[in-house]
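If you read the protein sequences in the order shown, they are chains A and B. No gaps in the numbering here: position 279 of the first sequence is 279 in our numbering, and each next residue is one more. No gaps in the numbering here: position 59 of the second sequence is 59 in our numbering, and each next residue is one more.
It is possible that some hints are incorrect.
As a list, the in silico EDC-like pairs of lysine to aspartate or glutamate whose alpha-carbon atoms are at most 20 Å apart [stated by the list, open to error]:
{"no.": "1", "chain 1": "B", "residue 1": "Lys120", "chain 2": "B", "residue 2": "Glu82"}
{"no.": "2", "chain 1": "B", "residue 1": "Lys201", "chain 2": "A", "residue 2": "Asp274"}
{"no.": "3", "chain 1": "B", "residue 1": "Lys201", "chain 2": "A", "residue 2": "Asp252"}
Calculated directly from the structure, the hints in this document are not laboratory data. No experiment lies behind these values; they were computed from the predicted model shown.
Number of protein chains: 2
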Amino acid sequence: MRMINVAAAQTGPIQRAEGRDVVVRRMLALMDEAKAKGADLIVYPELALTTFFPRWYMENRADADGWFEREMPNDAVRPLFERAARHEMAMSFGYAELTPDGHHFNTAILTDRSGNIVGKYRKIHLPGHAEFDPERTHQHLEKRYFEPGDLGFPVWRNLGGIMGMAVCNDRRWPETYRVMGLQGVEMVLIGYNTPSVNAQKADEGPEKRLFHNRLSAQAGAYQNSCWVIAVAKAGNEDGHPLIGGSLIVNPDGEIVAEAKTEDDELLVHPCDLDATAFGKQTIFNFAAHRRTEHYGLITSRTGAIPPP
Amino acid sequence: MRMINVAAAQTGPIQRAEGRDVVVRRMLALMDEAKAKGADLIVYPELALTTFFPRWYMENRADADGWFEREMPNDAVRPLFERAARHEMAMSFGYAELTPDGHHFNTAILTDRSGNIVGKYRKIHLPGHAEFDPERTHQHLEKRYFEPGDLGFPVWRNLGGIMGMAVCNDRRWPETYRVMGLQGVEMVLIGYNTPSVNAQKADEGPEKRLFHNRLSAQAGAYQNSCWVIAVAKAGNEDGHPLIGGSLIVNPDGEIVAEAKTEDDELLVHPCDLDATAFGKQTIFNFAAHRRTEHYGLITSRTGAIPPP
Numbered sequence: 001m002r003m004i005n006v007a008a009a010q011t012g013p014i015q016r017a018e019g020r021d022v023v024v025r026r027m028l029a030l031m032d033e034a035k036a037k038g039a040d041l042i043v044y045p046e047l048a049l050t051t052f053f054p055r056w057y058m059e060n061r062a063d064a065d066g067w068f069e070r071e072m073p074n075d076a077v078r079p080l081f082e083r084a085a086r087h088e089m090a091m092s093f094g095y096a097e098l099t100p101d102g103h104h105f106n107t108a109i110l111t112d113r114s115g116n117i118v119g120k121y122r123k124i125h126l127p128g129h130a131e132f133d134p135e136r137t138h139q140h141l142e143k144r145y146f147e148p149g150d151l152g153f154p155v156w157r158n159l160g161g162i163m164g165m166a167v168c169n170d171r172r173w174p175e176t177y178r179v180m181g182l183q184g185v186e187m188v189l190i191g192y193n194t195p196s197v198n199a200q201k202a203d204e205g206p207e208k209r210l211f212h213n214r215l216s217a218q219a220g221a222y223q224n225s226c227w228v229i230a231v232a233k234a235g236n237e238d239g240h241p242l243i244g245g246s247l248i249v250n251p252d253g254e255i256v257a258e259a260k261t262e263d264d265e266l267l268v269h270p271c272d273l274d275a276t277a278f279g280k281q282t283i284f285n286f287a288a289h290r291r292t293e294h295y296g297l298i299t300s301r302t303g304a305i306p307p308p
Numbered sequence: 001m002r003m004i005n006v007a008a009a010q011t012g013p014i015q016r017a018e019g020r021d022v023v024v025r026r027m028l029a030l031m032d033e034a035k036a037k038g039a040d041l042i043v044y045p046e047l048a049l050t051t052f053f054p055r056w057y058m059e060n061r062a063d064a065d066g067w068f069e070r071e072m073p074n075d076a077v078r079p080l081f082e083r084a085a086r087h088e089m090a091m092s093f094g095y096a097e098l099t100p101d102g103h104h105f106n107t108a109i110l111t112d113r114s115g116n117i118v119g120k121y122r123k124i125h126l127p128g129h130a131e132f133d134p135e136r137t138h139q140h141l142e143k144r145y146f147e148p149g150d151l152g153f154p155v156w157r158n159l160g161g162i163m164g165m166a167v168c169n170d171r172r173w174p175e176t177y178r179v180m181g182l183q184g185v186e187m188v189l190i191g192y193n194t195p196s197v198n199a200q201k202a203d204e205g206p207e208k209r210l211f212h213n214r215l216s217a218q219a220g221a222y223q224n225s226c227w228v229i230a231v232a233k234a235g236n237e238d239g240h241p242l243i244g245g246s247l248i249v250n251p252d253g254e255i256v257a258e259a260k261t262e263d264d265e266l267l268v269h270p271c272d273l274d275a276t277a278f279g280k281q282t283i284f285n286f287a288a289h290r291r292t293e294h295y296g297l298i299t300s301r302t303g304a305i306p307p308p
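Go ahead and model the full structure; you've got the sequences and the hints to work with.
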């Protein structure tokens, strides 16, 4: 057995007026609780340091730059890195990244037990839209504020296992898990902020949104025989509700832990990385069963083209 | 609305000693029941005409040729084609195909309302093994008796919609649905024979097998915003149990009908093909959101290669 005790650190809402200092204090409290429960790794949500700002339309995009981090770590988050190193706990969280040359990404990082950043991922599947859309019940302007990630779906060796990351909407796309599965991924860490109502279909509420969250994570785990840790920022941010439902899913696609609240809530579960081996060696032995000669459209065609 | 009334015609077991005549009579009874319930399309299982013969090891592969059909239709199945045409019902079923030039495939066909074959699919993801394996609780010799399909994952216009097919183990692979999704598929028809116990993991029984069946079909439907019709051959064939659990899944990934028995059982559900549009135009608008530049490994690499 290669056991990793994983803490999924769901956070409740972060209001627009709240600063990073408030958030980081809450994250530290979750980290201390995780340490008390013996966690080796703590996973926080997407855009963990701020409110989910892509719901706010700013005509001048640069007006959003205050939500972005220009370096990582920086002064605001240094207490997280120091505490994690002291606890000898690896850590992953998401944040808005502004690069020195002016690029904007929806990013997540992964550290080792010493607080060194060993992995960086930039969200590839940006949902939503780039311009103000009066048809929607609320705005979801990720395509306005971020560029699609440019780092692919890498994996890293950490804590004795092979880990990958994805962010929010990435989890709905089987390509996300498969590209990592083809690199032998054993655990995928995913943060998300998911509005409780579909902005384009008002009768699609939180129950269905939670169902799709579970379905996507469970299928990705099963079909690649890996652990999936999916962590929400949840609750009501300035009148805009987000689902909770953070999950730990085993390599059989079964949910082994699920958050019950829409607030700061810690799930801790012992994850045996060796439990990924059976699926990878049998039904999802890719080398034995995949037939890439018939998958060509997946990479050669972006949009759907119906037959004549 | 573009309504198709779909009949998922699960069949119970077919014993090794039973002839095609016995099976076809049962299939005709299900077809008549489907007609009485107003079905436009009836979907039968994988290898619908015989017992699931890949469980039987034959040293000389040619000894299995008696399970194969050398032409389609042939005398044994002509009553099905004639009755379907009389009922103006489209039809799909699976069978073992032996081509004039000696190739063996695990095949499914699709007809129009007049009994004309409009589509043929040959199973691509063959599970199991090619040689007798004393380690298994039972044999699963699909890699012995069949070649991988050579027709890709085509789709066809039929009954006013866009339809595709897959066979059994194909349904566990997201590539299957995605290649069809990229052709705008609105309904995927899948037959299966799934042993109730994992041959390599005796403690994996029918509950987990049914769970994986549901998970795979639901994820494929949701992630491509299409209907999935998954139809079992079920029950105890000569001492070897197969799961039932035939399903009709809507484009939101929700199960709208599920078989309760392991016997001949008909599920009939009205499927609105226009219900596929919302997902295809929003969250799974492939043209807007897919990033093929990061999917390269899916087609360039067959087996998993862990990082150094």
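Hints, one by one, checked against the model:
Proposed proximity of B/Lys120 and B/Glu82 is supported: the alpha carbons are some 19 Å apart, at most 20 Å. Distance check on the hinted pair: B/Lys201 and A/Asp274 sit about 15 Å apart at the alpha-carbon level, within 20 Å; holds. For the hint linking B/Lys201 to A/Asp252, the alpha-carbon distance of about 13 Å falls within 20 Å, and the restraint holds.
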